Every structure is written in structure tokens, then in C-alpha cells.
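Engineer: Required output: the full structure, derived from the provided sequences and hints.
There are 2 protein chains.
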Amino acid sequence: MNAYVTGLAPAEPFFAPFRRAESYARTHAFDRPTLILDVDQVAEQFRALSRGLGHAAIHYAVKANPARPVVSRLVAEGSRFDAASRGEIELCLSLGARPEHISFGNTVKKTGDIAFAHSAGVTLFAADAEEELEKIAAHAPGAEVYIRLIVSKSEADWPLSRKFGVQPRAAMPLLRRARELGLRPAGFSFHVGSQTRRAAMWRPTLDEFAPLWAEAREEGFALDLLNIGGGFPAFYGEAIDAPEAYAREVMDLVEARFPGAERIMAEPGRGLVAEAGVIAAEVVLVSRKSPDDIHRWVYLDIGRFSGLAETEGEAIRYQIATPHDGLASGPCVLAGPSCDSADVLYEKRPMDLPLALKAGDKVVIRCCGAYTTSYSSVGFNGFPPLDLVCI
Amino acid sequence: MNAYVTGLAPAEPFFAPFRRAESYARTHAFDRPTLILDVDQVAEQFRALSRGLGHAAIHYAVKANPARPVVSRLVAEGSRFDAASRGEIELCLSLGARPEHISFGNTVKKTGDIAFAHSAGVTLFAADAEEELEKIAAHAPGAEVYIRLIVSKSEADWPLSRKFGVQPRAAMPLLRRARELGLRPAGFSFHVGSQTRRAAMWRPTLDEFAPLWAEAREEGFALDLLNIGGGFPAFYGEAIDAPEAYAREVMDLVEARFPGAERIMAEPGRGLVAEAGVIAAEVVLVSRKSPDDIHRWVYLDIGRFSGLAETEGEAIRYQIATPHDGLASGPCVLAGPSCDSADVLYEKRPMDLPLALKAGDKVVIRCCGAYTTSYSSVGFNGFPPLDLVCI
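Protein chains in written order, with the working numbering: chain P, 1 to 391; chain X, 1 to 391.
It should be emphasised that the hints constitute simulated quantities derived from the structure, not laboratory data.
As the structure is a computational prediction, the values presented were derived from the model and not from experiment.
Be aware that one or more of the hints could be misleading.
Each pair may be met inside one copy or between any two copies, as identical chains are not told apart.
Taking lysine-lysine pairs in the DSS-like style, the calculated list, with each CA pair at most 25 Å apart, reads [said to hold, decoys possible]: (1) K358 / K348; (2) K289 / K348; (3) K348 / K153; (4) K362 / K289; (5) K289 / K358; (6) K362 / K153; (7) K153 / K358.
Structural biologist: Here it is as C-alpha cells:
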């Protein structure tokens, strides 16, 4: 990788959060799609969120970006971790995280992985079902558990499915069952939904669960743990609150509703790492399906199966910088390089891109630090996984 | 891996195509989700399709399953190859395929990859746009090209998107442009759509393109190559034609419509390898979201990001064998193990599964030889990619 001006137009002053990674992408050459991740910026974001969250503990959602330099830096910053699997627990431990700072947050765990976590010193587990509590009791006897609740009143850009959590009305029996099984039911968790852009949007969810918290404590459960999950946003072109103010406002809302919640956990993933990364990519082909086609088709060397999985359903709308920004533009369907007809990024809502765009042009895709590298396929269509450079 | 009876009910006589791989899955233990692929069965399917296809050449679509034992066996059987990338070309060459038997079938190619293919002796390239022809002319001068056409009249289970191909009315200018550029325009390609279950379903597509073939030959293009693509089906529970009869009927339809097509290429991927593989997996959790929930939620240790990507949109409907088949059953939502709310396999159309199903039960997922291992993420949520055992 030589220092090399890629020919991207100097264009607009970069949106501040992207400055270092984007500058690196614009001044280096890459022989395949590459995520450039600014680890210092991750640390800065961690500190901003920490200031706003006050006494709440950040458990970084490792799945957002499990790169070793990221996890290692967050260990050094004092972060705790939310792990989805045995693999993620091993990763965190190998980089110096203390087991009591790792929460096994997946509600769906193999018994062997529960036993492993228990033997490694992990003491906190998520559950949303009786069978899961039984597995935890059998393989991590005496562990602390929190019950994950389904959110019905989300104002997030992408509310989560019903996949995780139990209906609130079925939560009390799970607390009782946990106690019967010799576990220590410590509280609840939930997820407001991905990309909850404004702190005020947390209100309906918090209002929904506050009565359940009170009910459980009245019944004698010594709940003191509230895991407020993720949902912390990143900038994809639509305005979001700044991280410190956002976190502080969320905490104000939480503390007014959950008396006795001495231990509050927050699990930012996207909100910690997304803005710290950009992807350097390349245009492979620009075409029209017929001379009178309104839309051009622009094919990049990265697609849904090599890092941009979150474009499924056109959910995440990435911002793309090109060498011709500011010149005349028009609507484009954007697609990936694989021979897979589903590997189309934006078609229902086409992208506006410069008319001068052509094969070989370098582009920078912004806000790619989260949920890109780890979603890459092992080699679909013979294309290698997304490369990573940490700066 | 010890010989081990997994406890799957002997159940129904297996559907014949799955016999060996399924038997292996039922009698061995696996410590993570594993594709068992019967390479002999791939060879048998190759021979059956070859008999039906007569003088047409099979170019195996490597992307369906790039496992080295599969490609190697197909080289030995005399197969040719359809490659989507430089990586797939290198794979085929490394296993003894001759470069003139490899078609670079992706219409979206980096110039460096075109130059590589040319230098390696690959002589046949796909294109669907003027800019692509220019790239080929510059980096593989004199190469033979075929123009890919968009299919509008598909009867397939899953017609392809508009991503690949040019509108037929814009095809003649591309033939002319190819000639101007010193390339050798040899014919057309198209794709009837994935999983075209009956040979008769090819008719509307073939009818659509026959006039264009005649028009091009009348204008003096010495077209002799017709690439009929893939679409050859596999058995996912809905009846399909047997491979030899299917292929023969397709060829009868083709030959009646494309006089002078001396070179016919067929590109089965799924149709060659899908039925030769099964996945051995495990139930991780069975739960209900509330006591009155009609549906159970069944979580497997494999999901959309670790091999079952084709369940997106609930498109491919896998058949699943459990240890309790034949006992009382009920509707289930089926989901993967990751902490990703999109990792749900079947929800709109729930699966009927035994009421006795529980965490730890081994299951066998049928007809998984195609589009599973290569779609696996590198390690989303810390789960390793789908494992592979070739028998």
C-alpha cells in the first residue's frame, strides 16, 4: 500500500467523525475492498458515551466489530463486553477482559457454551425462556440472570423482530422459575431497536417496562440490574443527537422510571464503532439496461455478501463519496459484484451519483465501522472477505 | 468424529437422492453445523444431466459449491466451468481444468481480473454493456464474447432480478460494438431463473429470444453459441422433473428454436450439487413468547449468516428431519443462533415440527449441497463458518 492520491475529489469538508479514516482511504491504494477503522476515534466515542451514561457500565456489543485492536483498546478504556457466543467470550478474555465484565447476552446458547462461560468465570447470562433457564441452572449453577423482554413500542428506524425476549406478561413466571432453579434473577434487559436516532424516542419503551420493574420488586425480587441494550445511533445522513447528550438524556429517562436500578448496563455496538470506519471500494461497471433507461446501474467491487449485508431491504443507507462529487448527477441502481441477483444494494430508492462515474473510479463508503467485516462471506463467488486496516 | 447414532428417528424411507449423505449425518456426531456432501452423487447427477443434454456442454457454476473435491471430481468427469471471479478461475485451473473450458461468466469484471483470465488462456467472456465490452477489448483483445439478455418471461420459482443482462432490444448494438472493438461476438446467454422446476417452463423464455437469434444471424453475425445458463432444479419438497428427462426436454425446446447453435452451454449449479448434500445441525432452544403463543420458536445452531442465506425472504424452503418425526407436531417459527433480529428462517410461513422437539436434538437439513458453505460469514457473532465433510 503506497501513499497515493486516489483521485477522489477533495469535495466537501468531511463530516467530522469520518475525518481520519476517510482521509486515509483517500490517500492510499487498496487492491480489494477494505475497511479503514480509526481505533482512536472508537476510544473517543467510548469516552463521550461514558460521560453521558454516568454510573451506567458500557458493555460493548462485540458482534458489531470483533476486530482485535478494537476490543483491545476498549479493554484499555475500561469497557465491559456483551458477548453473543463462546467465540466472542474467548476473544475478549484473550485480550485481557475480566470474565466478570463479560455478559453472555445471547438468549440462545448451547449448553456446552454455557458450561464453558461458567468455567471461565462469566457470571451473568441472558434468558427469555424456561428451557434456557434450565440449561443455565444445569451448566452455570447459581449464575445471575436477566430476563429479556420484547419491546412493542419502538420508535427506532429499525425495530427488532420478535426473535428475542419474552412478552412482559410472561416475565414474572420466568423470574420465579429462575429462583426455583437456584439462579439469581437480577433484572431485565430489552432493546429499543437499531438506530434510535433521538434519545426522546426511548420514552415509550421505558414507560412500557417501568410497571413490570415495580411489580417484580413488590413481589420481593431484589432486582438491581437493568440492561438497556443498544440502539445508540450512528450518522447515515439523517440527523442524530450527539453521543454525550444522547446518553445523558437516556439516563435521565431511565433513572426516573427504575428506582433501585443500581447496576445499569448499556450495550452500544453500532453507536461505538460505526462512525470510526469507512470502506475504500471501486466502481467495476456503469451501464444502462437499454439506451432509454432512466437509471444507470452502478456495480461496485463490494456488495451484500462481502461486507454490506445491512443494505438488505435497503435498511442502512450508506453515504458514498466519489471523485466527481459536485458535478451533474442522476439516479443509479447500486449493486455488488457477485453473480447473485439478490446482490443489489439500492434499487427501490435509487442513489443519486455523478454522471461522470465510470469503471475504475475509487469511492469511499462512510460510516462502515459496524456490521461489515464480520458479515462478510468466507468467499462467495470467489471474492475474498472484506479486508481491514486499523489506523 | 466417532461413529455414533444421533438418535434421529429412522422415520420414513429417505428420499433416494439424499440417501448416502443423510445416512452419514444420522450416524456421526459433529461439534458444529456441518455440510455432508456426497461427491459420487454429484458425479452421478453430472452424468444424468449430460445424457439428457446431448451435445451441449455442461459448465458447472462453481459459485454453487466451490469445494475442491467437487471441482476436482467434475474435472475428472469432463465438466467445463462457469467462473464468477478470478478466484474461481484460479481454483478450476489449480484442479486441472483447461482454460479454454472455463467461461468467465460474470458480466461485472475488474479490468485486472479480465487481464488475468486472458493471460491464463481463458477465451470466453460474458458482457451486457458497452463499458464491459471496452474493458474486455482492452484487456483480452480478440476474445470471444456472448451477450447476456434480461429474461422478462420467467416461470421459475424465483425469477432473477434485472441485475444481469441487457434488454433484448438493446442487444444488437452490443454485438456491433463488440465487432468494432475487435472481439468475436459468438452468441447470447440468459438465465431462466432459479429453480425452474419443469422443463416446459423454459418455453416462454426460449420463445422470447429465438427471433433475436434469427435477426442477428440475418445481419451477418456468425452466431453459433447459446449459453442457456442455469435454472436446473433441486428437490425442496415440490415435485420436479428427473434430471435426464428434464435436460432432454430443454434441449428439444432449444434446438427447435435456435438453428445453427452448434455450441450450447448449460450452467447448472444448484441442479448439480444441491441434492448431494445435507447439513447436520442441532436445536439450541425451543420456547414460546408467552404461554398462549400458538407458535413455538425453534432456534437452530445454524442460521442465515452461517450457511442458510437462501432462506432470505423465506425463498428456499428446506426440509428438516428430526428425531421425533411422525409424532404429534405443531407450527414453529424457525430461527438461527445469532443475536441478529434478521436471523429468522421461517416466520411468515411457519414450519410444522414435532411437539417433542427440545434443546440438544440433532436435526438433518436436506438438499443443502448448493449455496450454503460459500455464503457463510467469516464469523458473524463469533460463530465459525459452516463446516464441510466430503464423502
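Engineer: Tell me, which hint numbers fail for this structure?
Structural biologist: 6, 7
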